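Keeping their order, the protein sequence lines are chains A and B. Each residue of the first sequence is one higher than the last, beginning at 1 in full-length UniProt numbering. Each residue of the second sequence is one higher than the last, beginning at 1 in full-length UniProt numbering.
Honestly, I wouldn't trust all of these hints.
Here are the simulated BS3-like pairs of lysine-lysine, each with C-alpha atoms no more than 30 Å apart in a straight line [said to hold, decoys possible]:
| # | chain 1 | residue 1 | chain 2 | residue 2 |
| --- | --- | --- | --- | --- |
| 1 | A | 395 | B | 258 |
| 2 | A | 77 | A | 122 |
| 3 | B | 78 | A | 290 |
| 4 | A | 395 | B | 148 |
| 5 | B | 153 | B | 127 |
| 6 | B | 78 | B | 135 |
| 7 | A | 490 | B | 34 |
| 8 | A | 290 | A | 394 |
| 9 | A | 290 | B | 34 |
What follows is a set of in silico ranges between Cβ atoms, one per label pair, in the way DEER data are often shown [said to hold, decoys possible]:
| # | chain 1 | residue 1 | chain 2 | residue 2 | range |
| --- | --- | --- | --- | --- | --- |
| 10 | A | 284 | B | 223 | 55 to 61 Å |
| 11 | A | 438 | B | 92 | 41 to 47 Å |
| 12 | A | 482 | B | 130 | 54 to 60 Å |
| 13 | B | 157 | A | 210 | 27 to 33 Å |
Calculated directly from the structure, the hints in this document are not laboratory data. All values reported here derive from a predicted model rather than from experimental measurement. Just so it is clear, CB atoms sit at the ideal spot from N, CA and C, and this is done for glycine as well.
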Amino acid sequence: MSTPTILLIVFAISLIGAVMAYRRASTLAAAQATQLHSRPVYHASYVACWATIPSLLLLAAWLITAPILISTDIRAKIPEETLAQSELTEGLAYGIVESLGSGLRVLPADERETVTDQTPVKDLSALLRKRGVPVASAGADWMVPLAVELNALQVISRWVMTIAVIVLAGFGAGWGYKKIAPRLRARNSVEGVVRGALIAASSIAILTTIGIVFSMLFETVDFFSRISPAEFFFGTVWEPRFSAAGSTGSAGSFGFIPLLAGTLYIGAVAMLIAVPIGLFAAIYMAEYAKNRSRSVVKPLLEVLAGIPTIVYGFFALVTVGPFLRDLSTEINGLVTGNYSSFIQAQSVLTAGLVMAIMLIPFVSSLSDDIITSVPRSLRDGSLGLGATRSETIKKVVLPAALPGIVSALLLTASRAIGETMIVVLAAGVAANLTLDPFQPMTTITVKIVAQLTGDLEFDSPQTLVAFALGMTLFVITLCLNIYALYIVRKYKEQYE
Amino acid sequence: MENMQATFNKGRAVQAAIPIKMTSRDVTVHYGQKQALNGITLDIPERQVTALIGPSGCGKSTYLRCLNRMNDTIDSAKVGGEIRLDGEDVYDSAIDVVELRARVGMVFQKPNPFPKSIYDNVAYGPKIHGLARNKDELDEIVHISLRKAGLYKEVHDRLDEPGTGLSGGQQQRLCIARAIAVSPEVILMDEPCSALDPIATATVEELIDELRENFTIVIVTHSMQQAARVSQLTAMFHLGDLAEVGPTEKMFSNPDDKRTQDYITGRFG
Ligand SMILES: Nc1ncnc2c1ncn2[C@@H]1O[C@H](COP(=O)(O)OP(=O)(O)OP(=O)(O)O)[C@@H](O)[C@H]1O
Ligand SMILES: [Mg+2]
């Protein structure tokens with residue numbers, strides 16, 4: 001039986017159990033005229049939990065372990081001498097056996113019966129191809145018996161699993177049903193299950209994050225075994241392709257400094273523009289705007305926050321960049337008489353400006369929520385002392401909202417640092433190291449994309465450097481967020 | 001109508017001998033479509049404690065907030081009628097709201113100290129209004145205000161600790177100190193003791209009695225005993241109307257209005 005069908009049956013069992021439990025608890029309450037500890041609904045959930053949780057755990061465990069056990073069993077049976085004569089590795093050979101084996105399951109029953117241990121692989125492959133199952137051409141006759149055995153094992157395993165899971169579900173439902181009694185603390189047990197589910201959900205989030213870090217870590221270590229960390233972290237020239245042409249890496253080609261500088265520079269320009277504007281917009285919305293204008297402006301800003309960044313990128317490429325270039329031409333012409341532009345179409349300024357436009361709704365929407373959550377009583381207290389609106393905001397509301405605002409801003413900064421699309425289109429891909437905001441620069445994320453989309457081999461430093469960059473970016477944003485937490489804690493203690 | 005006229009006259013007649021600090025004539029308040037006050041006429045005597053009593057929702061807070069225009073901060077509120085402070089119309093466009101609120105201070109029902117140090121809480125108003133020319137003067141204002149509020153002894157050695165770290169009763173006295181520090185002429189208190197235990201309440205009541213020497217006080221309270229203990233004049237509100245007003249002693253011993261009688265003997269409200 002397929003896994004969805006098994007799930008459906010398990011749920012049906014738990015539903016039946018729940019309904020029966022509900023009935024029984026209700027009659028118990030009526031018959032004995034005693035107060036039930038928990039309402040019938042909880043007894044129903046209790047039985048449903050007993051029916052589903054153990055059986056689903058068994059199902060999950062089986063689905064994970066059975067393929068592993070079967071594969072070790074079959075691999076052990078692959079004849080070593082035969083394998084040594086062919087050009088296949090053990091992994092590849094097993095892959096072919098597996099695809100033959102699982103192909104057998106697709107065949108209709110009468111065709112499957114014609115396949116025996118003696119069937120030559122040619123015939124089997126032909127049969128499978130007819131049914132639309134692709135088979136590798138490197139198959140050999142000795143694989144057929146193994147494939148047949150594999151298929152048999154899989155079929156048995158599935159049957160046993162189906163029966164075991166369904167029986168366990170029924171048994172669990174019965175067990176839970178038997179325990180129903182007026183004093184059964186079903187409510188507390190259900191509460192425990194809810195708690196467990198929540199813990200599981202949050203640990204999945206944490207575990208996957210750790211998994212991501214480790215997957216990057218191995219590649220990063222690999223990279224640093226080829227290129228020294230000092231070269232990477234302190235090098236000021238970024239030209240990975242160049243070193244690929246000259247076979248062994250020439251020193252300084254993987255310099256990380258230009259990328260870091262570009263990232264921080266563009267991010268800083270964007271934050272410098274976005275933070276004051278966004279914050280002032282938030283203050284206006286939270287403190288001054290009448291309800292009616294607020295109900296129009298706020299959703300509008302939130303819609304802006306949802307625009308994909310590539311659209312902002314277009315805006316930079318087509319409108320802002322050329323506009324700044326032409327503007328600089330005019331200014332230069334008026335001042336010096338020399339009509340040449342000093343702002344390039346792709347520049348730090350363009351990227352910063354457009355990124356700021358993207359960040360403003362983000363900043364203002366987050367800060368607005370935080371500012372409005374400052375209790376009204378604090379505002380009243382200040383206004384009641386004869387403070388003006390802006391004094392109240394400056395001296396009471398903003399200090400009270402500060403921890404929240406700081407963490408909102410650091411969140412925004414993480415976004416600015418991680419932004420890629422706008423940078424590609426607005427600041428270009430050239431890894432320059434300059435202080436001039438009118439020149440193109442580029443960022444870490446842009447280079448990660450560039451390194452991973454090339455035609456390079458997957459174990460060359462040119463590709464691996466992407467992981468080192470990613471890891472560094474991860475550490476930078478992590479530090480930023482930890483610092484945000486630290487600030488929030490510090491102010492919270494002071495204010496509460 | 002006749003009844004209203006009678007109340008109208010009562011509102012003015014009682015305290016002919018004592019100078020009047022604030023007057024209100026036919027004050028109405030609408031929250032959107034809903035009318036919360038139906039024409040209140042009441043005189044508030046100088047350097048006396050006026051208690052506002054009445055069942056919940058009858059408009060006591062609303063009336064109190066009219067006196068220093070705190071209703072301006074509520075978008076839907078519309079105030080009609082006339083309120084005068086020392087003869088000046090407080091809703092006149094020539095009046096600066098900020099200045100008015102410095103003259104008519106307010107203490108709220110729930111203690112609401114700012115998330116700042118005790119010192120900064122009290123110094124907040126004087127700093128804003130530029131009442132002190134230097135640090136020494138500011139120190140003095142803060143110390144005097146804390147003393148007047150009866151809080152100095154308890155907090156003098158920890159003035160730089162956060163005001164939110166005090167107990168409820170201390171916080172409320174801090175809020176009173178904060179209001180006193182701007183030297184207002186009138187102090188409005190909206191159920192200042194509702195969050196306090198009997199001991200803290202007694203302290204605040206004593207304090208109110210002392211403050212009467214320098215300030216005109218209007219206090220909203222749900223406690224009949226408190227009104228009887230601290231006030232000289234009592235005004236009874238009922239469903240947005242002023243039911244009766246008179247000297248506190250008379251109000252509690254032999255009220256004219258049936259509603260007042262029922263309310264203070266606990267038959268409704
Ligand atoms: N912000 C507001 N918006 C709409 N209606 C309000 C608002 N504030 C008060 N009201 C209404 O005005 C009426 C009077 O309210 P008010 O707060 O003045 O009563 P109160 O006498 O102070 O009551 P309590 O003793 O419970 O504090 C009530 O019916 C209330 O629902
Ligand atoms: Mg009230």
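Structure-based check of all given hints:
Simply put, residue 395(A) and residue 258(B) have alpha-carbon atoms about 49 Å apart, too far for the 30 Å limit, and the pair is violated. For the hint pairing residue 77(A) with residue 122(A), the CA-to-CA distance comes to about 21 Å; that is within 30 Å, so the pair holds. Taking the CA atoms of residue 78(B) and residue 290(A), the gap is about 15 Å. The hint holds against a cut of 30 Å. Restraint check for residue 395(A) and residue 148(B): satisfied, since their Cα atoms lie roughly 25 Å apart, inside the 30 Å limit.
About 23 Å separates the Cα atoms of residue 153(B) and residue 127(B), which keeps this hinted pair within 30 Å; it holds. Our distance criterion of 30 Å between C-alpha atoms is broken by residue 78(B) and residue 135(B), whose separation comes to about 42 Å. A distance of roughly 45 Å separates the Cα atoms of residue 490(A) and residue 34(B); the hinted pair therefore is violated under the 30 Å criterion. The straight-line distance between the Cα atoms of residue 290(A) and residue 394(A) is roughly 20 Å, inside the 30 Å bound, and the hint therefore holds.
Restraint check for residue 290(A) and residue 34(B): satisfied, since their Cα atoms lie roughly 20 Å apart, inside the 30 Å limit. Checked against the given bound of 55 to 61 Å, the beta carbons of residue 284(A) and residue 223(B), roughly 42 Å apart, lie outside it. The supplied range of 41 to 47 Å is broken by residue 438(A) and residue 92(B), whose beta-carbon atoms lie about 56 Å from each other. Checked against the hint of 54 to 60 Å, the pair residue 482(A) and residue 130(B) fails, with Cβ atoms roughly 42 Å apart.
Checked against the hint of 27 to 33 Å, the pair residue 157(B) and residue 210(A) fails, with Cβ atoms roughly 49 Å apart.
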